[in-house]
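*Asks:* In case you want the letters, here they are:
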Amino acid sequence: MKAKPLSLHIPEPKARPGDTPDFSDLEIPSAGTVSRPAVDTSAKAMHDYAYDLVRVLDDDGNAVGDWDPKLDPDILRQGLRAMMLTRAYDDRMYRVQRQGKTSFYLKCTGEEAIACSQAIALQDRDMMFPSYRQQGLLIARGWSLVDMMNQVYSNTKDRLKGRQLPIMYSSKECGFFTISGNLGTQFCQAVGWAMASAYKGDTAIAASWVGDGTTAEADFHSGMTFASVYQAPVILNVVNNQWAISSYQGFAGGEQTTFASRAVGYGLPGLRVDGNDFLAVYAVTKWAEERARNNLGPTLIEHFTYRADAHSTSDDPSAYRPKEESERWPLGDPIERLKDHLIGLGQWSEEQHDELAKELKEQVKQAGKEAEANGTLGQGPQLSAKYMFEDVYKEMPWHLREQRQELGV
Amino acid sequence: MSRMNMIQAINSALDTMMDRDPDVLVFGEDVGYFGGVFRCTAGLQEKYGPTRCFDTPIAEGGIVATAIGMAAYGLRPVAEIQFADYIYPAFDQIVSEAARMRYRSSGEFTSPMVIRSPCGGGIFGGQTHSQSPEGLFTHVAGLKTVMPSNPYDAKGLLIASIEDDDPVLFFEPKRIYNGPFDGHHDRPVQPWTKHAKGEVPDEYYRIELGKAEVTRAGNDLTILTYGTMVHVAECAVEETGVDAEVIDLRTLLPIDVEAIENSVKKTGRCVIVHEATKTSGFGAELMALVQERCFYHLEAPIERVTGWDTPYPHAFEWEYFPGPARVQKAIRKVLEIEGVA
Ligand SMILES: Cc1ncc(C[n+]2csc(CCOP(=O)(O)OP(=O)(O)O)c2C)c(N)n1
Ligand SMILES: [Mg+2]
Numbered sequence: 001m002k003a004k005p006l007s008l009h010i011p012e013p014k015a016r017p018g019d020t021p022d023f024s025d026l027e028i029p030s031a032g033t034v035s036r037p038a039v040d041t042s043a044k045a046m047h048d049y050a051y052d053l054v055r056v057l058d059d060d061g062n063a064v065g066d067w068d069p070k071l072d073p074d075i076l077r078q079g080l081r082a083m084m085l086t087r088a089y090d091d092r093m094y095r096v097q098r099q100g101k102t103s104f105y106l107k108c109t110g111e112e113a114i115a116c117s118q119a120i121a122l123q124d125r126d127m128m129f130p131s132y133r134q135q136g137l138l139i140a141r142g143w144s145l146v147d148m149m150n151q152v153y154s155n156t157k158d159r160l161k162g163r164q165l166p167i168m169y170s171s172k173e174c175g176f177f178t179i180s181g182n183l184g185t186q187f188c189q190a191v192g193w194a195m196a197s198a199y200k201g202d203t204a205i206a207a208s209w210v211g212d213g214t215t216a217e218a219d220f221h222s223g224m225t226f227a228s229v230y231q232a233p234v235i236l237n238v239v240n241n242q243w244a245i246s247s248y249q250g251f252a253g254g255e256q257t258t259f260a261s262r263a264v265g266y267g268l269p270g271l272r273v274d275g276n277d278f279l280a281v282y283a284v285t286k287w288a289e290e291r292a293r294n295n296l297g298p299t300l301i302e303h304f305t306y307r308a309d310a311h312s313t314s315d316d317p318s319a320y321r322p323k324e325e326s327e328r329w330p331l332g333d334p335i336e337r338l339k340d341h342l343i344g345l346g347q348w349s350e351e352q353h354d355e356l357a358k359e360l361k362e363q364v365k366q367a368g369k370e371a372e373a374n375g376t377l378g379q380g381p382q383l384s385a386k387y388m389f390e391d392v393y394k395e396m397p398w399h400l401r402e403q404r405q406e407l408g409v
Numbered sequence: 001m002s003r004m005n006m007i008q009a010i011n012s013a014l015d016t017m018m019d020r021d022p023d024v025l026v027f028g029e030d031v032g033y034f035g036g037v038f039r040c041t042a043g044l045q046e047k048y049g050p051t052r053c054f055d056t057p058i059a060e061g062g063i064v065a066t067a068i069g070m071a072a073y074g075l076r077p078v079a080e081i082q083f084a085d086y087i088y089p090a091f092d093q094i095v096s097e098a099a100r101m102r103y104r105s106s107g108e109f110t111s112p113m114v115i116r117s118p119c120g121g122g123i124f125g126g127q128t129h130s131q132s133p134e135g136l137f138t139h140v141a142g143l144k145t146v147m148p149s150n151p152y153d154a155k156g157l158l159i160a161s162i163e164d165d166d167p168v169l170f171f172e173p174k175r176i177y178n179g180p181f182d183g184h185h186d187r188p189v190q191p192w193t194k195h196a197k198g199e200v201p202d203e204y205y206r207i208e209l210g211k212a213e214v215t216r217a218g219n220d221l222t223i224l225t226y227g228t229m230v231h232v233a234e235c236a237v238e239e240t241g242v243d244a245e246v247i248d249l250r251t252l253l254p255i256d257v258e259a260i261e262n263s264v265k266k267t268g269r270c271v272i273v274h275e276a277t278k279t280s281g282f283g284a285e286l287m288a289l290v291q292e293r294c295f296y297h298l299e300a301p302i303e304r305v306t307g308w309d310t311p312y313p314h315a316f317e318w319e320y321f322p323g324p325a326r327v328q329k330a331i332r333k334v335l336e337i338e339g340v341a
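As they're listed, the protein sequences go chains A and B.
For the first sequence, this note's numbering gives the first residue as 1, with consecutive numbering after it.
For the second sequence, this note's numbering gives the first residue as 1, with consecutive numbering after it.
Please keep in mind that the hints were generated in silico from the structure rather than gathered at the bench.
Cβ coordinates follow ideal geometry from the N, Cα and C atoms, glycine included.
Heads up, some of the hints might be wrong.
[Claimed, not checked] Among chain B residues calculated to face chain A with C-beta under 8 Å, some are:
hint	residue
1	Phe38
2	Tyr48
3	Pro50
4	Ala65
5	Gly69
6	Ala72
7	Phe109
8	Trp308
9	Pro313
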């Protein structure tokens, strides 16, 4: 019998520019349908959670089901403010990049709920190993916007001394590990940090974030293996925003299975959560936090969300996905959803919301003025180039000293 | 003949080879539908279909490993690593696998493949979009390393690289994708359309690997360089008004030692220019070669102009980038020793 010729499979997203976006085949369970397991449930008994979707906020803005964290309205308002401030910050920094005041910027539009609720769910002593799209962690922790802007401008008050690309923040004080531009490298470093904390009998845990695309990197899998082997007190997050620059998540393996299900093969609990639902993200993070903090081991969380804007200022998504796709995203906008919930609770109003939006815009504007007084990239006061040669080593070796002298700084 | 920038010339080389040889496959991150973040593969998926030009998972080690597997089967894969700064997850596959496949299997299995990657600075890309890692690869036995400096060479060298039976690292200086940047960042860059090397044949042609080009003939000193720095060096020579010979190495390994020897023996002086960091950089190898082969013809110590030995900084782009002023200083230094200039 003649053997049948093989053929090569290449994944293809459902819609490209010109097509009508269609999310009808996404299985989106109603809010409240997924049960909340006890935190000491074995990984083996949790396989279904890797394919399900934890949701708390229903379409009318009600919090339903046993994942409802029943948060105090003050915390909800704190979360709403953090998300709105993140968006206002992003909007301004995107514009200043367009005005030529810095080289690069990257927004997290549509994904604010993830970083903002997780920063609130974690404790201040915990160490966060973020990807470049988690600016909300800093903002939700109340970190200075001026300080963040100074970094984006590489100006005279930039704590990273003009060395790092804009948005690659670092703030040990805020529990925010220095961001690497190399994808995935920090996933397993978070595990190492958590192992160190466990070794020392400390009480701090670690958390790390990668995008859907980044789960393809070997470092993601090293992180999963080490976390599992040493049962490290760490929360491993995959932010599945459907896109990795122009590549849809099918190119990271999302065509065949969920990202949360990566946990199954490593013997970890994996949970999939509606990433645009502030309450659901908070609740699942608290579950994982409690588990890690009680020596019950690591958790993988897939945040199911959508990158509503361009990858970065270097990108134009209309070249590879339908323009209307982001409006059609069935899980809505995280800010609107939390706002509706608060209004439904009688704890918020449209007027208060508009007022807050104005106030935050003004806050960002003022911070911008203050930061720009310290200089912007190539304009106004500038850092001395001598900083280029410092911190390469603890002590500057002779050859660097010679090179610095040659440059005359 | 068409007027092309370097992106179009690279695209044309890939197109030419995909057209000639169904075993040529092109892939990498964002390479397929979108056509690459620098657009070098634009239109190829549409023209040749998604099984010949496609997107890959973000896993540089995986990209190179699959290319090795395909090459071992008999295909001619051309893999893109989006930025040279992201090539390190693939280092083991390149160094331990592709480079040694032929040697360890006595030629039973080989790795005829090309790894294309944009490299170099001058774009405010910070430490993850600016590096020049060519020296890490020239140090490895079994690899060839190429870096073109203009559209005409880019196409001819890429075709020769795809046809080569050994693994080739093909580094593309992204700062000169659109025009011959001469280091004067405060002046507009002239587009390739105004440059003789922007004239590119539409059809197939090769530029043999291992052959340097004298881009400017001269008698007083030899400048050995490649990539973006060819244009910076030429500019520095114009501005100093010296009679320098500029050699664009084009292929770093195998190096055109004859061209180097002929020139340095004639001029007796040598300046080496590259963007990459200095210590253990490719310039060190060039210096050693010149010293070994031309010692009795040298009339002055050899000078190196390179990037500083620091990670590539963001704000200090122009203090870091070795521009024409630093090249001029080196030129004067090697000439002043005998008071020529
Ligand atoms: C090791 C490495 N390879 C490639 C890149 C280039 N790159 C930057 S962001 C990106 C896409 C990442 O997508 P994803 O992980 O889904 O995160 P998202 O941007 O969607 O938040 C790529 C390929 C990089 N920064 N590092
Ligand atoms: Mg993504």
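*Asks:* Given phenylalanine 109 of chain B as an interface hint, is the shortest Cβ-Cβ distance to chain A below 8 Å?
*Replies:* With Cβ-Cβ at 21 Å, over 8 Å, it is violated.
*Asks:* Minimum Cβ distance from tyrosine 48 of chain B to chain A below 8 Å?
*Replies:* violated (12 Å)
*Asks:* Does alanine 65 of chain B pass the interface hint, meaning its C-beta sits closer than 8 Å to a C-beta of chain A?
*Replies:* violated (10 Å)
*Asks:* Close enough to count: is the Cβ of proline 313 of chain B nearer than 8 Å to one in chain A?
*Replies:* At about 5 Å, which falls below the 8 Å cut-off, the nearest Cβ of chain A leaves the hint on proline 313 of chain B intact, so it holds.
*Asks:* Tell me if phenylalanine 38 of chain B is really an interface residue toward chain A, meaning its C-beta lies closer than 8 Å to one of theirs.
*Replies:* violated (10 Å)
*Asks:* Min Cβ distance, glycine 69 of chain B to chain A: is it shorter than 8 Å?
*Replies:* Cβ of glycine 69 of chain B sits 13 Å from chain A, so the hint is violated.
*Asks:* Please verify that hint: tryptophan 308 of chain B, Cβ, nearest Cβ of chain A, below 8 Å or not.
*Replies:* holds (5 Å)
*Asks:* Take the shortest C-beta to C-beta distance between proline 50 of chain B and chain A; is it under 8 Å?
*Replies:* holds (4 Å)
*Asks:* Can the hint on alanine 72 of chain B be confirmed by a CB-to-CB distance to chain A that is less than 8 Å?
*Replies:* violated (16 Å)
Violated hints for the displayed structure, listed by number in ascending order: 1, 2, 4, 5, 6, 7.
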